[in-house]
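Work out the full structure: start from the sequences and follow the hints.
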Amino acid sequence: MTDMLEMPRVHECTVTDCGYNHDGCHAFAITIGQQNASCATFIDTSAKGGLDRVIAQVGACKRSDCQHNAELECHAPSIRVGPGQDIADCQTYQPR
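Each residue of the sequence shown is one higher than the last, beginning at 1 in the UniProt record's numbering.
Quick caveat, the hints were computed from the structure, so don't treat them as lab data.
Ideal Cβ placement from N, Cα and C applies to all residues, glycine included.
Just so you know, nobody snuck in bad clues.
Here are the simulated DMTMM-like cross-link-like pairs (lysine to aspartate or glutamate), alpha carbons at most 20 Å apart as the crow flies: (1) K48 - D17; (2) K62 - E6; (3) K62 - D86; (4) K48 - E12; (5) K62 - E73; (6) K48 - D23.
Each pair of labels, with its calculated beta carbon distance range: (7) T45 - P95: 24 to 34 Å; (8) R96 - G49: 32 to 42 Å; (9) A60 - D23: 22 to 32 Å; (10) T16 - L51: 12 to 22 Å; (11) S46 - A70: 33 to 43 Å; (12) A70 - K48: 32 to 42 Å; (13) S46 - Q67: 28 to 38 Å; (14) R96 - K48: 31 to 41 Å; (15) D52 - P95: 30 to 40 Å; (16) F28 - L72: 17 to 27 Å.
Written as structure tokens, this is what we have:
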């Protein structure tokens, strides 16, 4: 199990339509979904949410076929989120 202090940070998010993204992702933690490594935490809204002093971490990753995934937890040093097959995908995803 990954220690909370060691959880990978969302180093960059270029998805401007997400309510958590304002000068960086400010969700406490995000979930990477199974399909297309999508950011399952993405919310399409103009309202700004999250915690001002927080830079998001990867709380869970459902892509068990990613080389950074062990026991459904991300072990990459940090990740990038941006447009892909979905509006917000993990750009750090690498198939095994």
